[in-house]
Amino acid sequence: MVERRPLLTALTHTVLILGVVVIAFPLYLTFVASTHTTPDLMQSPMPLLPGSHFLQNYLDAWNGTGAGAGSKAPVARMMMVSLITALIIALGKIAISLLSAFAIVYFRFPFRNFVFWAIFITLMLPVEVRIGPTYKVVADFGMLDTYAGLTVPLIASATATFLFRQFFLTVPEELVEAARIDGAGPMRFFKDVLLPLSMTSIAALFVIQFIYGWNQYLWPLLVTTNESMYPVVIGIKRMISGGDSEMQWNVVMATAMMAMIPPATIVILMQKWFVKGLVDTEK
Amino acid sequence: MAAITLKNVVKCYYGIGKKTVNKVIHGVNAEIADGEFIVIVGPSGCGKSTLLRMVAGLEEITEGEISIGNRVVNDLEPSERDIAMVFQNYALYPHMSVFDNMAYGLKIAKVPTDEIKTRVDKAAKILELGPYLARKPRELSGGQRQRVAMGRAIVRQPQVFLFDEPLSNLDAKLRAHTRLEIQKLHRDLGITSLFVTHDQVEAMTLAQRMIVMNGGVMEQFGTPEEVYARPASTFVATFIGSPPMNLIKGAPGTKPGVTVGIRPEHLDITPDGWALTVDALEMLGAERLVYGRWRHGEGDELVVIRCDESLPAPQLGSTIHVTPRPDRLHYFDTASGKRI
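Top to bottom, those sequences are chains H and R.
Under my numbering, the first sequence has 84 at position 95, and the numbering climbs by one with no breaks.
Under my numbering, the second sequence has 1556 at position 117, and the numbering climbs by one with no breaks.
Hint data in this document are derived by calculation from the structure and do not stem from the laboratory.
Watch out, some of these pointers could steer you wrong.
[Claimed, not checked] Stretch by stretch, here's where chain R covers chain H in the computed footprint (C-beta under 8 angstroms, at least three residues): (1) 155 to 165; (2) 172 to 182.
[What the hints assert, rightly or not] With a straight-line cut-off of 30 angstroms between C-alpha atoms, the simulated BS3-like cross-links for lysine-lysine are: (3) R/1575 with H/261; (4) H/180 with R/1556; (5) R/1575 with H/265; (6) R/1575 with R/1549.
[To be verified] Distance windows between CB atoms, simulated: (7) R/1560 with H/92: 36 to 42 angstroms; (8) H/158 with R/1452: 18 to 24 angstroms; (9) H/185 with R/1638: 34 to 40 angstroms; (10) R/1458 with H/185: 40 to 46 angstroms; (11) H/185 with R/1608: 21 to 27 angstroms.
C-beta atoms are modelled at their ideal positions from N, C-alpha and C, and glycine is treated no differently.
So that you can see chain R by itself, here it is in the shape it has in the complex (with noise of 0.2 angstroms):
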């Protein structure tokens, strides 16, 4: 187990002959903690698998360092720096059983047989892969795929778990599912993961830390609770949460040049208040999403409002009045973005 330090690290791409360069990662900084469980989530190409592959060895370092346990390892080789991967698809050799699929990282490694024999049938006693050991990767179901792709990786018992999208080839059942086993593996393990995901649900859900990455940059590196409850710019504050937060710039009674943003559920239904004209309804079962909209002083915004399906569903085209609760109220430079 072990601490991975990012130092401002850079990635950049260049073109024929270095003429044109690519940044695509701009410095990153991040201190994770011995056995933490940190998500990078980020819409796509903003360079969160990019960040995970320079960790894993497998895109090399255009500056900066990143160590592990102590120690720099931008010139190791993935095989060196004590680390094990789950890919996306899997990325199991499809010629191999599931038992050799497990141990041949620990047949290069020269670890002695019964050695080996003992630490798969551990590992697929964990994962409930048992019965599948002689099968072929083509005779499972994604899903046991997906468990044999873990078992590599917990076989080799290495520092740090690397997770790529491990979950967006399953079905949303099968996902939510392996969600908990994923959760209840780390906690029995404790060993340091990062885990690369799109999906803000699964951020936050297995998330001890999240890094929400936008464009090659970091927005914002914190707990689930501090990024939902007080997102570093617009960026982060859109991202994350569904339907994402309202920002209304140039509301009456705020200073120009500053955006207000206010999650869905923290705007109450009362006799007056910001004036909506109903647009739209969502019932989604506990909860009832309206939209509607609100034409003030210069603008002419689109807002939601969660409410509880108990309430009355208003008309649509009706007016409607919807007062922000004051404590929940964000405040964020419109130029930059950022947080006030």
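In isolation and in its complexed conformation, chain H is listed as follows (with noise of 0.2 angstroms):
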């Protein structure tokens, strides 16, 4: 619509900056509180304005250095492991999924339909649905408190494999005979056409796959029992101890603060890349 009515665009502008407030308030209010110490936090009101114990608060979480009566980690290790974690998850997915489709694309082999909706309807089984199971096999191969058992289990992807297979059959037929006559072999093309054509919506799928893999909180939350495997989101839930004790919300917040810049940083620094590939059909 390209209406030029000064009401609708009132209108507009008063929904949408509505909805920004709405989003924008809560994440304000974690940073006004990591700006704070914990007594000023307890008042009634809280503030609302920013305080003087930025620095402070934040090397606290940094270093794991604060008073409080929950888990202790240092920020610093938590994000170390989460950013190891999301990459193996994102760039693992990638590659599975990049090489299941071209095997269900180019390749014709028995029950090649059948094994393509195999993988589909694993599309219908989230995680939580196969937790205890899951859970079962990490633990009797050992890999309780390891990056294999952080990430093997969610590296499994039908939606990427789904979204690859859907690219690839767009892909033109002469284009892989062309490459056949130049004599290049299934991976020599798959490494020299189809990957560089694949560029952009890899991008798009890793900015999506690492913001899955930084948020994780279930399966990290039941595989992480050492204070040295925690992701940072699971570190924010193991620092709120309960129970009556003091609790360091500014802490807390300092550290989700810290925990929202990665993926914030990903999606600003590949926002090009990712709408690219969303939108983009050039081939």
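From the two separate chains plus the hints, produce the assembled complex.
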């Protein structure tokens, strides 16, 4: 719609601004809370302007030197765990789904369609449904508190396989034939032609999967018991000890702020690629 | 460079579980000499592209034998057959520059880098692609893409060129131009070429010899002159030439079961002869097409005559008389359509 009516403009802007406020206010509150001392925060009403303990709180969180009752694992370590986990999940998912989509689209083998539908059906089974048996398997393999345990069960991805399959189907048949005449074997074709053409989809998928990996909560909660293997999302949970003890909400909030930075950075840095990957059809 | 031999080549597609068989090529035999330019022409679905793709190795050969330069290639991969193919939609690698597109096959064949550069530069010079070597295919026009596709074929220095309707995506003017370029290229390089098209003008102008196909059967194999002057069947007679040859069943003075054929330019308006009622006129510039109805003993036929534009145009609805040139009459068996 390209209608220009002042009233309509005002209305749409109001709706947009309201939306932004609703979403941004909790974030702002988190930031404010992370800049005060614990006693200041406990007052009622809680302060709505930033305080003076910004550096102190963030350093406490980063180094794990706060005085709270809950877990005091240093955020620096947890961020590292989160980063490694998210990267393994994102890159692993992309690698595996690229290869399985390649197999499904370009090779004729018995039960090809069955395989595709088997992968597709797992789309309908979220991790939570199969979490019991998966936990048993991971535990029996001795993978609790390891990167393998944190990532492997999350890597297989029907969504990404499906996405790449759809993309590969749009690559013209003649391109495959031209490559065959040029003497490129299947893997050569994959590397030299399909991979460069899929770059934008890969970028879009990387953003989505990195955030998915970074924000994992339930699964890491189950398989990590050791402080040194907590991803930062779990770290926040463990800092909140419950009970009557004094809670260092300011440090918790500082941690939350820091946990938001990497996914936000990824989105901002890869925004251009991300949008291109979702809308681009250049072939 | 090499000769190509097709020996009783058959192609079948099988349904699920090989229960249904769909035979699309019914045993084609052809001997193509070294350096010849052969055009395979036919209506869509006649199997001409399938035949070409079987030579290329993109389709399996169900029965029969294809050899290129005395080497049976039935079980060889496309890259081992020493051929190069130009596709209808060019099939350029969209993410590679023009140079890389042309060099890709050579890179895989592990040709030394400076040799690749020499060959690509030479092909680019022939095709006037020099200024575009660093560009991506999407930054080129249709005609330029077409030339890149040909360049990719040239740099491989193959025994055989295969063209799969390479001109059908170009506009009319560019098509005529590219046709001349292909002719020149063939003259300069002298490489055996197979060229598939559904366009009879392309076939007539490019071919040294042409294969006319219909329904998976080779109807005729000969020079354009032979095909035009002595069509082997009624299909060839009507497919080649525009407007098509007039076919008259049961004309007075012929035996039953014989169809008489006469090309529109071999009918002359005379004081007496076949009496036609003029139905429609088409002015083409240098000549005029006259469509007339001829009611004779058993039938009512539409007959086309090609007249010089200098002759006066007949009135619509009037009756004119035409006489065929006796040495230009063709006789076909009505039942089989074969030439008698």
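Checked hints:
| no. | hint | in the structure |
| --- | --- | --- |
| 1 | 155 to 165 | holds (count 3) |
| 2 | 172 to 182 | holds (count 5) |
| 3 | R/1575 with H/261 | holds (21 angstroms) |
| 4 | H/180 with R/1556 | holds (23 angstroms) |
| 5 | R/1575 with H/265 | holds (18 angstroms) |
| 6 | R/1575 with R/1549 | holds (23 angstroms) |
| 7 | R/1560 with H/92: 36 to 42 angstroms | holds (39 angstroms) |
| 8 | H/158 with R/1452: 18 to 24 angstroms | holds (21 angstroms) |
| 9 | H/185 with R/1638: 34 to 40 angstroms | holds (35 angstroms) |
| 10 | R/1458 with H/185: 40 to 46 angstroms | holds (42 angstroms) |
| 11 | H/185 with R/1608: 21 to 27 angstroms | holds (24 angstroms) |
Violation of the numbered hints given earlier is absent; every hint is satisfied by the structure.
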